[in-house]
Amino acid sequence: MIPTMHTRFLTLLCCTGLFTPLLPGVAQTSTSCGWVRQNAAAQGDTRIGPALEREPLWETRLTGHDANTLYCESLPGDFGAQPCYARILTGELAGRVYAITGHTAETLQLASTPHGLEPGAAIAITPYWTLGTLYPPEAVGVAFAASASSLVRQTELLMYDPAAVGTNPAPVATYYFHNGAWRKLGASATTSFNDTPLPPGTTLVQRNKALATALIYCGTVAEGPQAMLVAGRAGTRQDYPLTLPYPVPVTLRESGLVESGGFTPSASSLVRGDELLLFDPSQTGPNPAPTATYYYLNGGWRRLGASLATDFSDTTTLPAGGGFILRKAASAPAHVWTFLP
Amino acid sequence: MKATAPLSLSLLLLLSGLASAAPVEAVFQYGSNGYHTSADTYVSKSTWGTPSQITCNYGQAPTLYLSRNGGDNLLLRFDLSAIPAHSVILSAKLELYHVGDTALPRVVDLFRVTKPWLEGNRPGQPISAPGHQGATGNHAADYFENEGEKVPWGAVAMAPNADFNPTVEAQAAAGPTGWVEWDVQRLVAQWVRGEHPNHGLTLRDHTGYQNNNPDWRTFHSNQAANSAFRPRLTIVYNPHAPMARAGDDREQTGWAPGSPVEIDGSTSADFPGGDAPSALQYQWRVKKAAFGSDFTVGQTVGTEPLLSFTPDVAGDWEFELVVTNSLGESAHDEVALRVWNLISTRPRIYLTPEKVAELQARAASGDPRWAQLLNHARNSNGYHNGEAKSKALAWLITGEPQFAEQAIERALALIAETTNRSSTRPVEVALIYDWCHAAITPEQRATFLAFFEAWMQAPPEYNDLSGWGNYWPRWSQSWVLVGLATHGESPLALSALRRYRDERWMKIDVPLHDQIADGGNWPEGTVYDWVANYPKVMSIEAWRVATGENLFLSTDWFRQRFGTWLMQVWPGQGNYYGRPYRLYPSIGDAERNRHSINNYGRATALVLGKAFPNEPLARQLQSTMAALPPNNATGLLMAEEFIYFDAAHPSTPPTLRSHFARGTGTVFMRSGWPTGGSDHDRNVTHAIFQCGDFFSYHQHYDQNSFTLFKGGDLLIDSGVYSGEGTSYHDRNYYVRTIAHNTLVVYNPAEDLRASRSMANLNDGGQRSPTPGNRSPATIEHYRDFYRSYERGKIREYRDTPEYTYLVGDATLAYNSTLYNQAQDTTLSGNVAKITRYVREFLYLRDPAQPGASVDEKVIVVDRVGLAQAAFSGSNTKLLFHTLHEPSVSGAMQAISPGETLHPHAAHAMAQADNGELVFQFLHPAQRNVRKVGGAGQKSAWVFGTNADYHWFEEEPLPRPTNGEFDPVPYGEWRLELEPADNGLDHVFITVLHPRLKTDPEVQLAHRIEGEGVIGVRIPRAGVDEVVCFSSQPDGSAPQGEITLHHQAERPVRLRVFNLEKGARYELSQSGSSLTLTPSPTGAAVVGEDGSLLETFAPPEMLEIIAPRLEQGEMVFHVVGTAGSSVVIERSTDLHTWEPAAEGTLGSEGYEYREPLEGDRAFYRARIQTP
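Heads up: the sequence lines are chains A and B, in that order. Just so we're aligned, residue 1 is where the first sequence starts under my numbering, counting upward by one. Just so we're aligned, residue 10001 is where the second sequence starts under my numbering, counting upward by one.
Next comes chain A alone, as it looks inside the complex (with noise of 0.2 Å):
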């Protein structure tokens, strides 16, 4: 018995031997799945986001858009009750996600209008990993912590607002496990906040205490372009925290930050331009420092204190599923980081 086949792949099957192919066959491959484990300090702040995809819902083509309505080749009667997002695969726009508001046997409502979107683009929805999905309670004691009571916290998770202004800001909410279901501090104790949004690219820190834990999830390996609108501010700098959504250590080269317009180029090591901060995961205490700023400067990355001769491309990597700080130069103009895995 299979517990679960979403209702594309349904379809897929259906037509399969309706015709007989003409052309010799192709070697068919599958797209991958797997698990990771992420390991947190006791006593630490580790940075950490998803670095798998849940199973994509459905995947559908685009007939057309009106603003952020979009017009679709077919879509599920039912999202399951869990919020989703639109990731565009292909077309101009490929790689970018878009959150999912509303929709209809034949529209998806967005939140915000996906300009250039062109007919026939192929769009994926995928439910969102949530506090409760990625930390389910029944991995209670390895992934995290439960919490006495909101007074006396094991295991936080922080939360961060991308569109908060400036550098190192302030989590804008933190959650803990109790009682069986994650709590937000502030809020009641039995309201449940598992059903939190985790957008792709999204960073938490994993604030432990007593326990280390190891964080072990399943999904789905990104084959896709993964974009992220990464911008700076007039008159700031400007902090991205963000975690690539991808399961190996990527290389500074391999991840396309500079490739792909994301990420400003420095005039000099004393007038950078956009920076990337990393941090060590087996760091203990509160609000550790990044352990290394790396910028760019004549065709290479480097690493602020070490010698301008040594090129950082390909020996420092962006952790998989380990949160890093993209600090935008100010002023910097808006970019998409597309990384193409």
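To be clear, the hints were calculated from the coordinates, so they are not data collected in a lab. Every residue, glycine too, gets a C-beta built ideally from N, C-alpha and C. The reader is advised that the hints may include incorrect statements.
Examples of chain A residues lying across from chain B (beta carbon under 8 Å, computed) [claimed, not checked]:
| hint | residue |
| --- | --- |
| 1 | Thr29 |
| 2 | Thr31 |
| 3 | Ser32 |
| 4 | Gly34 |
| 5 | Trp35 |
| 6 | Val36 |
| 7 | Glu55 |
| 8 | Thr63 |
| 9 | Gly64 |
| 10 | Pro119 |
| 11 | Ile216 |
| 12 | Cys218 |
| 13 | Thr220 |
| 14 | Val221 |
Some residues of chain B that are not near chain A, with every Cβ distance over 10 Å (derived) [claimed, not checked]:
| hint | residue |
| --- | --- |
| 15 | Asn10146 |
| 16 | Met10506 |
| 17 | Pro10653 |
Mind docking chain B on chain A? Use the hints.
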């Protein structure tokens, strides 16, 4: 009788060196070898000189001037009396020495002069003193005062027909200095044999105005100082040939079928001193057989001097007599024979006594059509259309005198009412006169004959103009019916019959109909087809019955009519054929409330069906006419219905799904005939596409337009007809491009007022016929001004059970870079506005239900090239006219009352009756859609003016309902598809989904990009229909590899158009790409319409689903085709993969489990290949 060219046999003998047949070469040049009997001059119509050239004679001038457009025209004459009259002219060339190099040549026509002229004795001076004489611009012969009889030209500087034969005998081009040569072999032969008096020849300009080409040419004359450069005529002839004489042309109007006709060639003779007549050999051959004859051209029908020939059919014949002497020299002559079985009994119009007897027998047998006719004859007063005809026919069948009396009373009333020379009244009068002849008193007969003779002798009326119009055939019908009615009683009758047959039909009409013959369509649309061609067909039927000559075979147009008739009306109308109302698409001028007019069509179809009983499409058409027209049908039809409907006529169910009338550039399409000949299913899909040339007044400026019907009018030719075509609405909207589903490009400086009389608005549409006439009268005018009439061509057409595909090129319909009116008219603002307008139209039929159609698509590809960026953007519009207000998707900007703009709109929808049309605008990405219309707002919007349907611009709304205009509007809304940028090249792809409101939901199409192609994917039952077209703006075939981006997830039926015919490709698929690679051995071959079809399945499906963690294990399922062998591969870095397991997919796939070890692991499945 006329002699023609020598036979090649003569030349062979000459070349063989037989002394007796040696050719002789003679050179005629003034002043050479004592020859002084040639003459030359030129005549001018110019008046700007002093003295005026028109008054001058140039007989003794050393040069001969020719100037453009008949300004100065040369005259030359050579005395050829030295050549024996029986000689065969082997060759003859006229040479004139041209002086004055010009880069561009000027073509000079040579004509035979038909009037004597006087060379004259002036070197370029007027005839102004005693002794002066000669030809001038005004005169063929002019003399000083009373010194001779002045002979004027037919017109200044000579007139065709009056002064010279308008047939061009030869052409040559005068460019560089040197000899210019004309081939005058045929003309010299005619002179030598005495067939035409030798009045010489005239040379006249052919080229006309041409930029950078001097208007004149100068040649040396007989008075040139150097005699070597004077005009010369070199003739090679054989004096030892016989003279063939086939006798005078013959006419036997009372020929009895089966009787022989004798033609006498016995006056033929050999050259002086040659063979005796009895020693000559004679051969009579058919040069032209009468229409419908079994004799073939070239067939030998006699070998004696006297030919006794028995024609198998009546009509016009031509024979060639070849006479050969013992030297093997031959000569030939031709003779024309006309035999008509012009019957003297009555009735003779449409009927004969034998036919009446047959009808009487049918009436006695209880024929329901007779009962209908008799009822009509008894219960009508005889004053409406067809009523008197019914009475006259009832008289013939029953002999009851009251019928004849009433019909005669009607005819006499018509005669009395006639205040002008009507085109059609004589038709009814003549018919009653003929059918009721035995009942007419001598006094009445005198009245009738006086009326007929007065009519025949009256001068032509203003509307008796030839061309593709409807008055001309009405007048023609009067000529033939009056001629037949009075034959034997009036000396004018035969002249009237010849006038109809020779001067009107054969000379004027046949070439016009040949021009549009292919496909048998009529360029003015359905209504004027009926109006113009009912009298035409009835005329020819009358002629056929009365003379035996079958003029239905004089042009192929009649035989090809049936496809057009089957397809030109909307589906579901078959059982209305013969009813008062039969709805039809509004193509060309067409009142939609013109009730009884469709009965003209039925009567015409009945007559033609009998004329072509074996035509397959005639049989299909016959099946649609089986139902008896109801009693409330107009009486117009009753007589024809009884006379011509034949229940025994071969009939087969209709199957025609597409008909291409190449002559007019019209393609008719329909999904099928699910209810057979009764055709009562209005849910059938029907489309008409138009892309042809301009022919006639009631035609619209609508090239590359189409209409679409399914359950209702989905896309229409909009607007309403006023009844004559000149209302404010007609001239500015209804007939113009703006009212049709095609392209408009607005150039504010363009002047399109000549599109119709009094037109004053610029609709951005197709150009007017200027400088040609809006109603070209003759094929000669049409050809002379073809650049004015050349509009569109259907460059590709293919019909298959799956689709109809066509490509219309309407570039020339607009002022374009190929031709624009600024080039050769005073319309200086009418510069090129487009470089290209090519429309591809693909009608994809329902593969599952070809008859009824529930899954049909129309893909329209528009390739628009603009000459200036200023004409692009919102000045370029593809129009889609709908019956009711459509809805458009997307954001909306209100522009004005009746107009909204929908930037980047992707969809629209319009409904009509039971039908619905979904539009998808897929290419280009940068586009705008405008919705324009609304009663009292922009219902007939023409770039700033609402040309609503009233007679005059200042006339206030509400609209008039005076019986001329339709009382209800027809299409007050349209969609305008525009490029959103000002680029010069645009390719639009629009997918249309015609459907019934009750059909399943539309499966929308999706845009496909590629390299070399663009296209669409349309989900259809069990298959993705992928249709691609060249991405080149001009639609040229993509070069090299073609790739289209499409992730095949379902079986795909791929069609790619615009490829090189016969090219071969290898097709491969990889990931989301399909690639066509040119290969001489490729399995995919491009067909005759430039399209390629491949059907294939997507790669075998394989997917991992439901990954999850269960009790310390990673668990997932692999699903795909049951029975497939799969390998599970494992990796920890997504680079290196190792086999972890193998298995076979069951009906629920294959489950894989693995304990969690390490920090990460990844899995994928792969089809195990042998």
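Status of each hint after checking the structure:
Taken as an interface hint, A/Thr29 checks out: its beta carbon lies about 5 Å from the nearest beta carbon of chain B, inside 8 Å. Nearest Cβ of chain B to the Cβ of A/Thr31: about 6 Å, under the 8 Å cut. The hint holds. Look at A/Ser32: its Cβ gets to within about 4 Å of chain B, closer than 8 Å, so that hint holds up. The closest approach between the C-beta of A/Gly34 and any C-beta of chain B is roughly 3 Å, which is under the 8 Å cut-off, so the hint is satisfied.
Satisfaction of the interface hint for A/Trp35 is found here, the shortest Cβ-Cβ separation to chain B being roughly 5 Å, below the 8 Å cut-off. Interface hint status for A/Val36: upheld, as the beta-carbon distance to the closest one in chain B is roughly 4 Å, under 8 Å. Given hint, A/Glu55 at the interface with chain B, holds; its Cβ is 6 Å from that chain's nearest Cβ, closer than 8 Å. For A/Thr63, the suggested interface contact is upheld, since its CB lies about 4 Å from the closest CB of chain B, less than 8 Å.
The closest approach between the C-beta of A/Gly64 and any C-beta of chain B is roughly 3 Å, which is under the 8 Å cut-off, so the hint is satisfied. Restraint check, A/Pro119 versus chain B: the minimum CB separation of about 5 Å is within 8 Å; hint holds. Hint status for A/Ile216 relative to chain B: holds, with the closest Cβ pair at about 7 Å, below 8 Å. The restraint placing A/Cys218 at the interface with chain B holds, with a minimum CB-CB distance near 5 Å, inside the 8 Å limit.
For A/Thr220, the suggested interface contact is upheld, since its CB lies about 7 Å from the closest CB of chain B, less than 8 Å. Interface restraint check for A/Val221: the shortest CB-CB distance to chain B comes to about 6 Å, inside 8 Å, so the restraint holds. Every Cβ of chain A is farther than 10 Å from the Cβ of B/Asn10146; the closest lies at roughly 91 Å, confirming the non-interface assignment. Its beta-carbon lying about 58 Å from the closest one in chain A, B/Met10506 satisfies the requirement of being farther than 10 Å from that chain.
Under the 10 Å C-beta cut-off, the non-interface status given to B/Pro10653 relative to chain A holds; the minimum distance is some 33 Å.
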